[in-house]
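Chemist: Given next are the chains, with one letter for each unit.
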Amino acid sequence: MDKGKAVMGTGRRWAVDFSDQSTVPSTRDILDPPGFSRASPEQDDSATSRQKKDAEANWKLQKAWEVAQSPFKNLMMMGFMMWMAGNTVHLFSIGITFSALWQPLSALQSVGKIFEPFKDNKVELLMPKLVFLALNLGGLALGIWKLNTLGLLPTHASDWVSSLPPPQEVEHSGGGFVFH
Amino acid sequence: MAIKLYLLLLVFLSSAIASFSLYEDQVGLMDWHQRYIGKVKHAVFHTQKTGRKRVIVSTEENVVASLDLRHGEIFWRHVLGTKDAIDGVDIALGKYVITLSSEGSMLRAWNLPDGQMVWETSLHSSHHSKSLLSVPINLKVDKDYPILVFGGGYLHAVSPLDGEVLWKKDFTAEGFEVQRVLQPLESSIIYVLGFLRSSEAVVYQIDSRSGEVVAEKTTAFPGGFSGEISSVSNDKVVVLDSTRSILVTISFLDGGDVSFQKTRISDLVEDSGEAEILPPRFSDMLAVKVNKRTVFVRVGGEGKLEVVDSLSDETAMSDSLPVADDQVAFASVHHEGSKIHLTVKLVDDLETVLLRESIQMDQHRGRVDKVFINNYIKTDRSNGFRALIVMEDHSLLLLQQGAIVWSREEGLASVTDVTTAELPVEKDGVSVAKVEHTLVDWLKGHILKLKGSLLLASPEDVAAIQEMRMKSSGRSKLTRDHNGFRKLFIALTRAGKLFALHTGDGRIVWSVLLNSPACARPSGVSLYQWQVPHHHAMDENPSVLVVGRCGSDSSSPGVLSFVDVYTGKEISSSDIGHSVVQVMPLPFTDSTEQRLHLIADTDGHVHLYPKTSEALSIFQREFQNVYWYNVEDDKGIIRGHGMKSSCSGETADEYCFTTRELWTVVFPSESEKIISTLTRKPNEVVHTQAKVSTDQDVLYKYVSRNLLFVATVSPKGAGEIGSVTPEESALVVYLIDTITGRILHRLSHQGCQGPVHAVFSENWVVYHYFNLRAHKYEVTVVEIYDQSRAENKNVWKLVLGKHNLTAPISSYSRPEMFTKSQSYFFPQSVKTIAVTSTAKGITSKQLLIGTIGDQILALDKRFVDPRRTLNPSQAEKEEGIIPLTDSLPIIPQSYITHSLKVEGLRGIVTAPAKLESTTHVFAYGVDLFYTRLAPSKTYDSLTDDFSYALLLITIVALVAAIYITWAISEKKELSEKWR
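Here the protein sequences come in this chain order: S and F. Read the first sequence against full-length UniProt numbering and you will find it ends at 180, with the numbers running on by one and no gaps. Read the second sequence against full-length UniProt numbering and you will find it ends at 979, with the numbers running on by one and no gaps.
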């Protein structure tokens, strides 16, 4: 600690300044090394930039595909969790089911935002988006299927008749034992 | 697996226990219990100088009780069985209360101070006869003072010390009926006077030591006796002859000779007629009722009769009572307007009035029925009198010094019908703030409660909390509350008096004795809700209809009385001019929300009420759809009738209709006898027609108001349990449609016997009977489902509403139904069964079983569910299906009467509160009991003991914590930034 402090206290011993960007040799007191031409990078500028852009687009597409496929992992995990949760209605299973429903829904809502960084004139994002949508819809379907297996979807006749009042009767009768 | 099942059962049971049991300090918070004794028959005063002054009474409800003379409270009370009617009560040896019951075959002695039974003797009796209890004061046999009892043809002398029979004399062979046992002073010979075949007077002289007949004298009297007898002195009795026009004085002389002396009543009073000897006993005098007048007849030394006074018929008289200086006095009471006049006179000299008092009555109680008097020595050495009077409405009053010292509404011991009524809505003028406490008080109360719940309360605090709970939130206010907890129970008593009892504290809000223009006092038959405004006609007060009858048989004319529920005033009372055999409330109301009622008479006509043209037009519209049926249990026939046409004849009006017989169900009289019939309660609300099983399958309930449950037994098996062998007895139950007479279901239980107690609700019947083979009581449940609607299972049709499930149904569209049933053993004998009812019918139901011990047991309907199996699947268990056991459990904590008994329990009435989870339960017998039940716990409201203070404090603490942590974090952030 003391050493460090001492070092810090004595200040900088040496430094290299990389900020020298001057292109004019006359202003510099040190000559360029032989064979070095300052102008050479500017010569094939267009070719290299295209190359660079292609690489970037490729990279973006690759990334977009990665993003598009990411729900698949999620899907698998959800499936596993659902299997773990069982088919009875309790806090855990309901939580998992609702998160399984919520995740795809929120993903579907923000599908544009997710693919925003990969937006490029050259990158064809339709396919990744479609795959992303399909996978998320698959997740949603899984959630709904889980909801159904939990018995929370009104798919049975019993769900529609359970609050039906008894029908009116046309005839009315009364009577019983004679009063004694 | 078994352990799992057991655990699950335990969980269910524990949850069940929690749902109906209550803690000790919750007793009396929402329940109340009132103890009664019934209409007093005999009263014996016990007013010695030392000890507490008391009166021993026996009543028509077979109760023997000791009452505090100062306040009218019950010291002790014993309710004998319904078949154990008390014939006589007296005090022996100054410390035992002796009661004779069951037509002179049961003699019991009770300890006077505390009512413990000292001994009980079952006396031999061979046949039914009138019975007689005589406790001679100075008959002494070897240091013992025997009690003389006549009953069932035997005369017994019983020792009062241990109930041992000293001797008995058999009079069965002669058919001798003992009328009086007389005992001359200072003699060991007792005179037993009786009649033989109502034409011979026999006097036996019996040695009281051994029971030997010393002498017997039979004297024939050609005219015959009518049975009523009045003993006027130790050697004379007066009887009426069989024509009831001659008074016969029978005197028996020392030698055992008997002499008659006849006096025509027409010689005594000018207007003669059928005479009647009144029961009060005087010395040397008797009271005779002739032509609605009470005539006092003095018996002279030689048996000469002379009239000394006469009174109007409305007078009640007491027995004579010895007062100081060998004088004998008696009391007479008659009432005039709202006053009653009590007069105490000397028997010897009717001109001497010892006491004359007029007492203002606080309410209408009818005529005076019975008087018992007692005297005491005032501080100035003069005689004071207290009179115990029984009024026509069965109430019991003690009069002393010109005032009513106390009164007991004993009419409530004989409730015959109960209905409920709403209280008036709170008016704007009456401020709630007056009743509610100020904020400080409110907070104080809640902090007390909080202390209680945190176990920090001192004993004084606990007492304060309990007191606060008892009078909490104006539970006895006379206005409607938001939850519908405050209501009135309207009870009709046998005496024809209507009482309104408040559910909050059980006090009598109003009472009214029924009147009729046609007869003095109609007997109440039944009670109906006449007008319950809740949609229209809101300015009208609700009212009840009381159907009464002038007379005791079914053909006597009926009386309708309408009583305003808010005020307790009789709105109108009308004589309807026809008999009443059945009353049918129809499911229609007119524009003022008066319910239409049909009243059937003995001629098979029905009469429509109210008699308005509007009601008539409503009825005409539904004319073809109204039916009635009657059950003739003596013939074993059920007949169904339809409406035919208007009545013809000169007396008929347009509201009278004739009926035609549509169907009959005849039970073979040699094999089946109707013992019980039952329908659903007409005002029961059913929430849904579907029953969903565990696998999401739907069963449609067969919910119909026109279903009649009938139970029959073999005629041999109609008697007592155990009187037949299992082979001879069978119980058959039927479900009959009362529109078409179709038998929908029949179930036979071989080797079973009644009595059947049943309850019918929604689509199920639960009934209780005795299984002779198993020697156990059984409970069977039958659930009825509709097969014809079972096809309604297409979800899309149901979603789009393309189904016929809510279409009106007719009984003529042949219903296809199937039933599910299951039987269980039930360890107890049952007096009555009822079921809870809630406002919307969503809350699960509980059976309320009135057990033989006069308690009420709440049993979840889940225990009587035909879907119970030995090994329910996981899904079924989750749904709450309990594994099948052979008998139904009786969990001690589920007695809703907790430690109390509703003595002589006869009926249980349930009524919904506004809060769906809660139901009112009212049980009546000799006692009254009320409580509020929540069969599935109060899921829709916070409990009374919910600690608002704790909630408030928690919120305040949380808010404070949020602020403090926020401030701290701000500070920390600032200091971080400065670094």
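FYI, nobody ran anything at the bench for these hints, they're computed from the structure. All C-beta atoms in this analysis are idealised placements derived from N, C-alpha and C, irrespective of residue type, glycine included. A few of these clues could be false.
[Claimed, not checked] Listed below are several chain S residues computed to face chain F (Cβ distance under 8 Å; list not exhaustive):
| id | residue |
| --- | --- |
| 1 | 47 |
| 2 | 112 |
| 3 | 116 |
| 4 | 117 |
| 5 | 169 |
| 6 | 175 |
Chemist: Give me the numbers of the hints this structure contradicts, sorted from smallest to largest.
Modeler: The structure breaks hints 1, 2, 3, 4; every other hint is satisfied.
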